[in-house]
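As a plain string of letters, each chain reads:
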Amino acid sequence: AQTVTQSQPEMSVQEAETVTLSCTYDTSESDYYLFWYKQPPSRQMILVIRQEAYKQQNATENRFSVNFQKAAKSFSLKISDSQLGDAAMYFCAQPNFGNEKLTFGTGTRLTIIP
Amino acid sequence: DTEVTQTPKHLVMGMTNKKSLKCEQHMGHRAMYWYKQKAKKPPELMFVYSYEKLSINESVPSRFSPECPNSSLLNLHLHALQPEDSALYLCASSQDTSGGALSGELFFGEGSRLTVL
Chain Z
1 AQTVTQSQPE MSVQEAETVT LSCTYDTSES DYYLFWYKQP PSRQMILVIR QEAYKQQNAT
61 ENRFSVNFQK AAKSFSLKIS DSQLGDAAMY FCAQPNFGNE KLTFGTGTRL TIIP
Chain B
1 DTEVTQTPKH LVMGMTNKKS LKCEQHMGHR AMYWYKQKAK KPPELMFVYS YEKLSINESV
61 PSRFSPECPN SSLLNLHLHA LQPEDSALYL CASSQDTSGG ALSGELFFGE GSRLTVL
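Taken in order, these protein sequences are the chains called Z and B.
Residue numbers are given in the numbering used here: position 56 of the first sequence equals residue 56, and the series is strictly consecutive.
Residue numbers are given in the numbering used here: position 61 of the second sequence equals residue 61, and the series is strictly consecutive.
In short, the hints are calculated from the structure, not lab data.
One should not assume that every hint holds.
[As the list claims (entries may be wrong)] Stretch-level coverage of chain Z by chain B, calculated; a stretch enters the list once three of its residues show a Cβ under 8 angstroms from a Cβ in chain B: (1) 69-83; (2) 97-103; (3) 106-114.
Backbone N, C-alpha and C define an ideal beta-carbon position, used for all residues, glycine too.
In isolation and in its complexed conformation, chain Z is listed as follows (with noise of 0.2 angstroms):
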């Protein structure tokens, strides 16, 4: 079974600092996407970021990439000049091979200090 692990249950960081949130998966399969989904309080979970095992190049959306180390199966995701709007549950999630099941991550709550 697929797991995946985010070892940070809440973080803080300062209003327009940067700040790591850490994921690491498991899996047998050497082509695969992971994602990182945002759930700010109250409203609706969105897609932060996307990344396909394959390529290289880490994923990059506005302030938000990721570094992705497929040996080391780690995909953290890096948010530059934080805001407050990007307080939130954040969730690590790896697709199941085969089928539509998705595997969260227990997540990490960002607070931002103004």
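Chain Z is already provided as a structure; the job is to place chain B on it using the hints.
Showing chain B alone in chain Z's frame:
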């Protein structure tokens, strides 16, 4: 239109009540999902419908009964629930999952917060 709409937003029901949660999307997505989320926990998959057919049932108790009347609608019928079923119920949709592996984005609704008394 990139929305997944869930109703009601809040629901309080007794253990003997029958109620339904509704979900609607108009993005042409052919896979729809029900997730259950407890406070400070990740979403737990309950059911997946792919092309209006139930493709995954994560051993959910029969007091939860899903229904997919058409490609845009997904219902979750609730009957004889227990207090521990109180949670946020999330609906999501995605493009068809040809090849079986989920490679694209899940679009989530805001959820229906259920309280069972």
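- Identify every previously stated hint that the structure contradicts and give their numbers, smallest first. 1
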